[in-house]
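Novice: In this text, residue positions in the sequence shown follow the UniProt record's numbering: the first is 1, and each later residue adds one.
One or more of the hints may lead you astray.
[Claimed, not checked] Taking CB as the label site, the calculated pair distances span:
1) L111 with W144: 33 to 41 Å
2) A116 with E45: 41 to 49 Å
3) E2 with H74: 17 to 25 Å
4) L111 with D13: 17 to 25 Å
5) L12 with H126: 38 to 46 Å
6) R41 with F105: 42 to 50 Å
7) A154 with R44: 39 to 47 Å
8) Q46 with A154: 35 to 43 Å
9) R197 with C19: 43 to 51 Å
10) E201 with H126: 22 to 30 Å
11) L93 with G187: 51 to 59 Å
12) H126 with H74: 22 to 30 Å
13) I175 with L93: 42 to 50 Å
14) E16 with V214: 42 to 50 Å
[As the list claims (entries may be wrong)] Quick list of in silico lysine-lysine cross-link-like pairs, DSS-like style, CA-CA up to 27 Å:
15) K226 with K140
16) K4 with K162
17) K209 with K155
18) K217 with K155
19) K162 with K226
20) K209 with K226
21) K209 with K162
22) K155 with K226
23) K145 with K162
24) K155 with K140
25) K4 with K145
26) K155 with K145
27) K140 with K162
28) K209 with K145
29) K155 with K4
30) K103 with K162
31) K226 with K145
The hints are simulated quantities; they were obtained by calculation from the structure and are not laboratory data.
Model, not experiment: these values are computed from the prediction.
Ideal placement from N, C-alpha and C gives every residue a C-beta, glycine not left out.
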Amino acid sequence: MEYKILFVDDDLDILEMLCSIFRRAGYTDLVTASSGPEALRGWREQQPELIVLDVMMPGMDGFEVLREIRRTSHVPILMLTARGEAEDRIEGLEIGADDYLPKPFLPKELLLRAGAILHRAYPEPHRTVELAASTVDLEKAEVWKNGECAPLTAKELQLFEKLYENAGRIVTTGILCETICGEFWQGYESTLSTHIRHLREKIEENPSKPVSLVTAKGLGYRLNLKGAKS
Numbered sequence: 001m002e003y004k005i006l007f008v009d010d011d012l013d014i015l016e017m018l019c020s021i022f023r024r025a026g027y028t029d030l031v032t033a034s035s036g037p038e039a040l041r042g043w044r045e046q047q048p049e050l051i052v053l054d055v056m057m058p059g060m061d062g063f064e065v066l067r068e069i070r071r072t073s074h075v076p077i078l079m080l081t082a083r084g085e086a087e088d089r090i091e092g093l094e095i096g097a098d099d100y101l102p103k104p105f106l107p108k109e110l111l112l113r114a115g116a117i118l119h120r121a122y123p124e125p126h127r128t129v130e131l132a133a134s135t136v137d138l139e140k141a142e143v144w145k146n147g148e149c150a151p152l153t154a155k156e157l158q159l160f161e162k163l164y165e166n167a168g169r170i171v172t173t174g175i176l177c178e179t180i181c182g183e184f185w186q187g188y189e190s191t192l193s194t195h196i197r198h199l200r201e202k203i204e205e206n207p208s209k210p211v212s213l214v215t216a217k218g219l220g221y222r223l224n225l226k227g228a229k230s
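Use the sequences and the hints to build the structure in full.
Specialist: This is the structure in structure tokens:
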């Protein structure tokens, strides 16, 4: 899921730093506000999945912004402040903040806290993949076929997830080898063939005549989901 994050701080340098931290971590939909009223406007218009909100701002401070948002919304909010007093943290949490991080903070801790809030607020649905003869549970690394369960090895799971990301399209031998062996994969094609064979034994009704994990001769492999033509 792509998350939109609204950063609120009256210090423009801090706003740029926050955006930089999250961009490097792979977040791309980032918006900013430099005052309380601008924050409320950004929240209403942009509808972010997370607000990172500074407490100490002139005029309308972060606590006031939080109170106003909590009148009608449960959008996750992570509070930031240069004040580390326990009373401030307690006040923010009592008003409805999801977490509270004092400045200065480590970028990694900020990202971990933000990520934890997002995962709690927007849990991913349990991921299962329906194939012609089996069901693959990506969360448990299991394959169910004819009422029996077979575990996937770590390499088999890596392969299957790469194929699933590109379901219906050919994934080249090189890309699959790199997935399980790293960038120096040349010479490991036979290892890939062995993992493919084992994977077919678990997901196919007849591994010698695969319909879900098919070979694209001279190119690579393609995963067909249930109902797709092989």
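Novice: Between K155 and K4, does the CA-CA distance stay at or below 27 Å?
Specialist: 33 Å, violated
Novice: Would you check the hint for K103 and K162, treating anything up to 27 Å between C-alpha atoms as holding?
Specialist: 40 Å, violated
Novice: When you take the CB atoms of L111 and W144, is the distance between them in 33 to 41 Å?
Specialist: Cβ of L111 to Cβ of W144: about 36 Å, so the range 33 to 41 Å holds.
Novice: Regarding the pair K226 and K140, is the alpha-carbon distance no greater than 27 Å?
Specialist: Holds, at roughly 20 Å.
Novice: Hinted pair, alpha-carbon criterion (27 Å max): K140, K162. Please report holds or violated.
Specialist: Holds, at about 16 Å.
Novice: Under the criterion that the straight-line Cα-Cα distance not exceed 27 Å, is the pair K209, K226 satisfied?
Specialist: 16 Å, holds
Novice: A range of 22 to 30 Å was offered for this pair. Does it hold for the Cβ distance of E201 and H126?
Specialist: 25 Å, holds
Novice: Honestly, do L12 and H126 meet the 38 to 46 Å range at C-beta?
Specialist: 42 Å, holds
Novice: Given the hinted pair K209 and K145, is their Cα-Cα distance within 27 Å?
Specialist: 16 Å, holds
Novice: Can you confirm whether the C-alpha distance between K162 and K226 stays at or below 27 Å?
Specialist: Distance ~17 Å between K162 and K226 Cα, so the pair holds.
Novice: Take a quick look at whether K155 and K140 sit within 27 Å of each other, Cα to Cα.
Specialist: Judged against 27 Å, a Cα distance of about 14 Å means the pair holds.
Novice: Regarding the pair K209 and K162, is the alpha-carbon distance no greater than 27 Å?
Specialist: Cα-Cα ~22 Å, so holds.
In this structure, the hints that do not hold are numbers 2, 6, 25, 29 and 30, in rising order.
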